[in-house]
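Participant: Build out the structure end to end from the sequences listed, making use of the hints.
Just so you know, the sequences run in chain order W and B.
FYI, the numbering for the first sequence is 1 to 567, going by the UniProt record's numbering.
FYI, the numbering for the second sequence is 1 to 385, going by the UniProt record's numbering.
Check the hints yourself; a few may be wrong.
What the hints assert, rightly or not - The list that follows gives simulated cross-link-like pairs (lysine-lysine, DSS-like), each with its CA atoms no further than 25 Å apart: (1) W/Lys537 / B/Lys38; (2) W/Lys549 / B/Lys38; (3) B/Lys317 / B/Lys300; (4) B/Lys41 / W/Lys537; (5) W/Lys195 / W/Lys372; (6) B/Lys41 / W/Lys511; (7) W/Lys179 / W/Lys32; (8) W/Lys537 / B/Lys24; (9) W/Lys518 / B/Lys38; (10) W/Lys442 / W/Lys506; (11) B/Lys217 / B/Lys364; (12) W/Lys549 / B/Lys41; (13) W/Lys182 / W/Lys233; (14) B/Lys114 / W/Lys514; (15) W/Lys518 / B/Lys41; (16) B/Lys326 / B/Lys340; (17) B/Lys300 / W/Lys511.
Don't read these hints as lab results, they were simulated from the structure.
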Amino acid sequence: MAEANQLFKEFKIQSVSEFFRRNAAMLGYTGKVRSLTTLVHEAVTNSLDACEEAGIPPYVRVEIEELGNEHYKVVVEDNGPGIPEKYITHVFGKMLAGTKAHRNIQSRGQQGIGISGAVMFAQITSGKATRVITSTGNDEIIEAWVKIDVDKNEGKIVKKEKHPNPKGWRGTRIELEVKNVKYMRSKQGVFWYLKLTAIANPHAHIELIEPDGKLIVFPRSSDYIPEPPVEMKPHPKGVLTDDVYRLAKKTRRNTVRRFLIGEFSRISDKKVDELIEYIAALRLIKTVEDKKLQEQYYQKLMEGHVKAVLRAFKGYTKVVKQVAKMMEKPPEKLTWHEAEEIVEAFKYMKFLAPPTHGLRPIGEENIEKGLKGILKPEFVTAVTRPPKVYSGGIPFQVEVGIAYGGEIPAGFDLYRYANRVPLLFDAGSCVTTQAARSIDWKRYKIDDLDRAPLVLMINVVSVHVPYTGTGKQSIASVDEIYNEIRLAIMDAARRLQTYLSGKHRKLAQVKRRKTFEKYVPEIARALSILTGEPEEKIREYFIRFIESKFASAEVEEVAAEEVAENA
Amino acid sequence: MPKRKIQRERPKEKFSYDPRKVLKMLDEHARRILEDIKAGKNPHFDIPMRGLSNVYFDEKSRLIKMGDKLSRRYFLNVAHARKFMQTLLIMAYVKRLVSEGKHASLREAYYANKHTIPGTRENTFEDQSESDPIIEDLERMFGVLREEMHITADRRGYIYGDIVIRDGEDEFNASRLGSGGWAVPGTVEHIQFPEINVDYALVVETAAMADRLIEEKFPKRENALIIATQGQASRGVRRLIHRLHYEEGLPIIVFTDGDPYGWYIYSTIKQGSINLAYLSDKLATPESKFVGMTMDDIKKYGLENVTEKLKGIPPNKKGGPTGDYKRILEEMNYPWFQNKEWQRQLQLALKWGVRIEQQALANKSLEFVAKEYLPEKINNGDLLP
Chain W
1 MAEANQLFKE
11 FKIQSVSEFF
21 RRNAAMLGYT
31 GKVRSLTTLV
41 HEAVTNSLDA
51 CEEAGIPPYV
61 RVEIEELGNE
71 HYKVVVEDNG
81 PGIPEKYITH
91 VFGKMLAGTK
101 AHRNIQSRGQ
111 QGIGISGAVM
121 FAQITSGKAT
131 RVITSTGNDE
141 IIEAWVKIDV
151 DKNEGKIVKK
161 EKHPNPKGWR
171 GTRIELEVKN
181 VKYMRSKQGV
191 FWYLKLTAIA
201 NPHAHIELIE
211 PDGKLIVFPR
221 SSDYIPEPPV
231 EMKPHPKGVL
241 TDDVYRLAKK
251 TRRNTVRRFL
261 IGEFSRISDK
271 KVDELIEYIA
281 ALRLIKTVED
291 KKLQEQYYQK
301 LMEGHVKAVL
311 RAFKGYTKVV
321 KQVAKMMEKP
331 PEKLTWHEAE
341 EIVEAFKYMK
351 FLAPPTHGLR
361 PIGEENIEKG
371 LKGILKPEFV
381 TAVTRPPKVY
391 SGGIPFQVEV
401 GIAYGGEIPA
411 GFDLYRYANR
421 VPLLFDAGSC
431 VTTQAARSID
441 WKRYKIDDLD
451 RAPLVLMINV
461 VSVHVPYTGT
471 GKQSIASVDE
481 IYNEIRLAIM
491 DAARRLQTYL
501 SGKHRKLAQV
511 KRRKTFEKYV
521 PEIARALSIL
531 TGEPEEKIRE
541 YFIRFIESKF
551 ASAEVEEVAA
561 EEVAENA
Chain B
1 MPKRKIQRER
11 PKEKFSYDPR
21 KVLKMLDEHA
31 RRILEDIKAG
41 KNPHFDIPMR
51 GLSNVYFDEK
61 SRLIKMGDKL
71 SRRYFLNVAH
81 ARKFMQTLLI
91 MAYVKRLVSE
101 GKHASLREAY
111 YANKHTIPGT
121 RENTFEDQSE
131 SDPIIEDLER
141 MFGVLREEMH
151 ITADRRGYIY
161 GDIVIRDGED
171 EFNASRLGSG
181 GWAVPGTVEH
191 IQFPEINVDY
201 ALVVETAAMA
211 DRLIEEKFPK
221 RENALIIATQ
231 GQASRGVRRL
241 IHRLHYEEGL
251 PIIVFTDGDP
261 YGWYIYSTIK
271 QGSINLAYLS
281 DKLATPESKF
291 VGMTMDDIKK
301 YGLENVTEKL
311 KGIPPNKKGG
321 PTGDYKRILE
331 EMNYPWFQNK
341 EWQRQLQLAL
351 KWGVRIEQQA
361 LANKSLEFVA
371 KEYLPEKINN
381 GDLLP
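Facilitator: Next comes the structure, spelled out in structure tokens:
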């Protein structure tokens with residue numbers, strides 16, 4: 001018996017760390033550079049979310065210290081609200097209990113494992129506990145070393161100290177010691193991640209101290225703190241059987257009808273009546289043996305002729321009554337099969353588009369501020385498209401920013417974001433890359449895209465961003481999203497074009513002026529020889545004349561009459 | 001031998017070379033530019049336009065003349081600025097040449113003014129094809145010859161005959177320089193003629209024919225001055241012809257091949273050319289006459305065997321007219337060939353499809369041209385207008 005207990009324990013230990021290893025790719029912990037980036041991402045996201053929820057302009061400082069070969073200490077410090085003592089284990093220890101994982105909410109956290117994953121990663125690579133120093137701004141600072149108890153799958157404080165807080169410091173500082181990672185200044189590294197994060201979060205001040213001691217500051221460029229996203233009820237077109245089944249088990253409503261009305265958006269009492277008819281019709285259609293006839297019924301149902309379909313069957317009212325009965329039973333009694341029937345019927349029904357109030361785009365003004373503040377371009381513009389819906393019921397929104405010239409080096413660069421989070425991997429398969437490349441940039445005065453000093457930023461905002469693959473680093477090519485991205489890029493590119501043609505005009509003006517100025521010394525010398533007047537004086541006359549002409553509006557006239565001399 | 005009809009006439013023009021005239025022009029134009037810029041006006045040059053569109057035949061003076069179309073060259077105009085600068089550069093250069101009494105060729109003028117503009121990678125002149133037109137512009141603008149601006153062209157042609165020439169410090173008789181005669185320099189403006197002992201000037205197209213006449217002592221016997229153009233007459237030769245006619249009263253008689261090219265040489269000596277229309281009244285000599293070769297000479301002197309076929313396709317054949325035929329038809333339309341004598345010659349050339357060279361006369365004998373053909377025709381007044 002004891003043996004069995006031991007075995008079970010072993011199995012459990014195995015399972016939590018094993019789970020982590022098996023799902024490393026999904027969780028973002030693959031590759032030495034990427035693992036470090038993911039670690040920083042989780043910590044920074046935590047900080048930004050905490051600050052935003054508390055309405056504090058975020059100040060985040062990331063420090064990476066090299067302790068040995070592929071051995072680093074990562075320190076992330078913020079000025080957030082701090083963590084009360086009793087919640088420390090909850091915040092840093094709970095694996096797979098992320099509150100966002102199953103909520104219908106737009107969130108930065110994509111993996112649903114969050115900071116506890118980072119703690120776990122540190123623990124399994126270096127064996128060290130994570131040091132947490134935090135204060136809510138009261139009279140004490142708590143210093144705690146947190147580990148994950150793989151037995152119980154929860155956080156455990158292995159050591160705790162309390163210090164006085166005479167200056168009223170508030171915030172959280174976490175220190176993670178990790179091995180098997182590597183700091184590199186590549187486009188997949190921490191530096192790049194923080195730079196892109198700073199652009200998408202202009203309200204945050206972000207600092208980075210690199211292993212060689214170099215301090216990089218991405219200063220705050222906007223005072224506006226975004227409102228935290230709100231949870232949205234799922235839209236019937238966007239749900240899976242599992243969602244319905246799981247929500248039914250959790251709900252406090254007492255009938256299936258009330259559950260559907262209460263927990264989903266765009267479902268009314270009347271819609272439930274309609275749903276009953278659709279389910280009944282589907283049940284009846286399934287009894288038809290003639291495949292061709294069955295196909296016809298499905299077609300009719302899709303066209304919305306539910307009553308006509310029902311009337312085609314004898315005694316259909318009996319079936320309708322059966323289904324109606326189902327709607328009145330307690331939701332926790334809903335079977336998987338019944339949930340399946342409901343979701344199938346949703347596919348044939350028509351609903352209002354889902355509400356979009358839960359989406360939190362960065363906003364045109366803030367994108368412009370972010371790009372301007374970090375990239376220092378000479379021109380910047382941004383477009384936030386109105387919310388749209390993909391695959392019938394999932395709201396999403398596309399934002400695009402363009403930064404051109406200034407300190408941007410030559411060469412096109414695409415900054416991809418999903419819900420403000422930079423996507424650093426798998427650019428090739430991403431819908432944003434495809435959309436950006438599909439644009440005929442020549443039409444917008446960008447003759448050679450690959451040599452233009454141009455940064456294109458694309459942010460796809462949605463409750464469910466459709467990622468490709470497990471890495472969640474690339475957005476799937478969904479037609480609706482592709483088209484929205486294209487429209488947004490074209491809109492922004494048109495503004496760039498307007499700017500560039502103005503710039504070309506200005507450049508031409510400067511060039512024209514130079515054309516005249518460069519001849520002045522020659523002319524002055526010749527005229528001096530011819531007339532005997534001092535060269536210096538003649539030069540002055542000409543320079544003054546050019547200046548006066550270019551200062552006045554007559555320049556346009558001069559330009560207009562520039563017909564090649566008859567020669 | 002018939003009595004000589006050709007004699008020296010009264011001069012119509014005087015030796016007029018005066019370097020101060022060019023200097024005055026340069027000064028006037030430069031001052032105006034300076035005044036404009038001081039007053040905040042966009043300075044410009046008014047340059048008479050070049051090309052066929054600004055050329056006409058003046059019936060009264062019987063010269064090809066330049067019209068009054070002007071093109072304005074502004075400083076503050078992207079398309080003009082460079083040429084404006086170049087114009088002033090050449091003007092300054094001309095001032096130096098004239099005041100120092102030096103002469104420069106077109107190529108020298110180009111190199112003398114070519115340099116990189118400070119602060120750019122641009123040259124003031126990239127090619128001689130940029131400086132030559134500027135010099136022509138100045139000729140038209142000032143109404144002076146480039147020779148008067150001390151810029152010389154390629155020299156070609158020579159003279160032989162009993163006249164005394166003063167060229168700077170040298171003075172000599174052009175019949176005492178050996179059989180090669182005196183080569184006409186690029187600029188003849190400063191040349192003076194203290195003594196003229198000839199009755200007329202015979203302009204000869206080919207050097208071979210001129211040499212033949214010299215060897216046969218034609219100049220001495222006929223009291224003539226031989227001017228060999230060696231093809232199309234150079235500006236120096238044309239100016240010399242003009243001056244000899246107008247300043248010294250020498251009648252001008254032209255002797256070329258009997259082909260469209262020869263007749264064209266006559267035409268430019270007589271009326272001026274389209275290119276240099278603005279200089280016609282300095283270069284052309286409308287009173288000059290034509291002695292040969294003519295189509296009638298072929299019949300008259302029995303030269304049928306020594307004619308050459310015209311090149312090109314006749315007008316009545318498919319693809320025609322081309323080559324010589326086309327030239328002849330063009331020449332038939334020249335205003336100064338609108339007389340029955342010339343129309344007859346040109347018609348005959350078309351009809352027979354032949355041309356006749358000066359040297360074909362050697363078919364008779366080497367002396368024939370000097371002892372019979374020319375004296376006979378000239379003294380009989382058998383000349384074309």
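Participant: B/Lys317 and B/Lys300: Cα distance at most 25 Å?
Facilitator: Between B/Lys317 and B/Lys300 the Cα gap is close to 29 Å, so the pair fails against 25 Å, i.e. violated.
Participant: Would you mind confirming whether the straight-line C-alpha gap from W/Lys442 to W/Lys506 stays at or under 25 Å?
Facilitator: 20 Å, holds
Participant: Within 25 Å, alpha carbon to alpha carbon, are W/Lys549 and B/Lys38?
Facilitator: 13 Å, holds
Participant: Tell me if the straight-line CA distance from W/Lys537 to B/Lys38 falls inside 25 Å.
Facilitator: It holds: about 10 Å lies between the C-alpha atoms, which stays within 25 Å.
Participant: Quick one, are B/Lys41 and W/Lys511 close enough, alpha carbons at most 25 Å?
Facilitator: The given pair, whose Cα atoms are some 21 Å apart, holds under the 25 Å limit.
Participant: Does W/Lys514 lie within 25 Å of B/Lys114 when you go C-alpha to C-alpha?
Facilitator: 20 Å, holds
Participant: Quick one, are W/Lys182 and W/Lys233 close enough, alpha carbons at most 25 Å?
Facilitator: Violated, at about 41 Å.
Participant: Checking one constraint from the list: CA of B/Lys300 to CA of W/Lys511, max 25 Å. Satisfied?
Facilitator: 72 Å, violated
Participant: Are the Cα atoms of W/Lys549 and B/Lys41 separated by 25 Å or less?
Facilitator: Within the cut-off at roughly 10 Å; holds.
Participant: Decide if the proposed pair is consistent with the structure: B/Lys326 and B/Lys340, CA atoms, cutoff 25 Å inclusive.
Facilitator: 20 Å, holds
Participant: For the pair supplied as a hint, B/Lys41 and W/Lys537, is the alpha-carbon distance within the 25 Å limit?
Facilitator: Satisfied, since the Cα-Cα distance of roughly 16 Å is no more than 25 Å.
Participant: For a C-alpha distance cap of 25 Å, please report whether B/Lys217 and B/Lys364 respect it.
Facilitator: 18 Å, holds
Figure legend: structure checked against the earlier numbered hints; hints not met, in rising order: 3, 13 and 17.
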